[in-house]
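Those sequence lines, one after another, are chains A and B.
Just add 7 to the spot in the first sequence (first one is 1) and you have our numbering.
Just add 30 to the spot in the second sequence (first one is 1) and you have our numbering.
These aren't lab readings, by the way, just hints derived from the structure by calculation.
Which residues of chain A face chain B? A few of them, derived with a C-beta cut under 8 Å, are:
1) 40
2) 47
3) 48
4) 49
5) 50
6) 105
7) 106
8) 108
9) 109
10) 110
11) 111
Below, in silico cross-link-like pairs of lysine-lysine (PhoX-like), each with a Cα-Cα straight-line distance of 25 Å or less:
12) A:34 x B:74
13) B:74 x A:43
14) A:63 x A:43
15) B:92 x B:113
16) A:45 x B:74
17) A:76 x B:74
18) B:41 x A:45
19) A:43 x B:41
Even for Gly, the Cβ is constructed at its ideal location relative to N, Cα and C.
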Amino acid sequence: SQELEQSPQSLIVQEGKNLTINCTSSKTLYGLYWYKQKYGEGLIFLMMLQKGGEEKSHEKITAKLDEKKQQSSLHITASQPSHAGIYLCGADDGGAQKLVFGQGTRLTINP
Amino acid sequence: EAGVAQSPRYKIIEKRQSVAFWCNPISGHATLYWYQQILGQGPKLLIQFQNNGVVDDSQLPKDRFSAERLKGVDSTLKIQPAKLEDSAVYLCASSLSSGYGYTFGSGTRLTVV
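Generate the whole structure from the sequences, applying the supplied hints.
Below, the structure is given as structure tokens:
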């Protein structure tokens, strides 16, 4: 089955700085989802990528899926305290029609 | 459109007790998922329903966990008896069909003491 590896596992940045979170898959990605989670709560959908080379942005967050469709990155520009939380990448598990997740990246923003 | 509803939001029980969680998916969503997320890890699928039939329960510890989805709408997940290692966030998600677009509920945080 598909496995996702996120890096880094945790990240502390100064407010206003840019940052990138990576998600690497053991197999070709057919649907890659990014979610944000506050500690111990539900998942908030951020973006979904399907096509190799695809890039989507929402406010200060940009996600990309590389051409070979085995890696995705999430980039935050000019980070704010509201960006703090856990970021999870999830992928459609081949034809199984279910999501498998990476282990998450905990983001802390220092004022 | 109303989101995925889960209750309770928090639950604290003693080991060996039983507990049940409830999920109401988005109206019309045929597929319903229960995930377990131990803090510090990514969510892990416990069970997947298509309408009221089970598609995948390979990761469900069937000696203590059970789930049902009556009439293909609401679902309940039960743990009996609970162990300390069951402390986690239990997430319910639903999708329209064929795994396209997954919407998650707010989760139930379970603490077993």
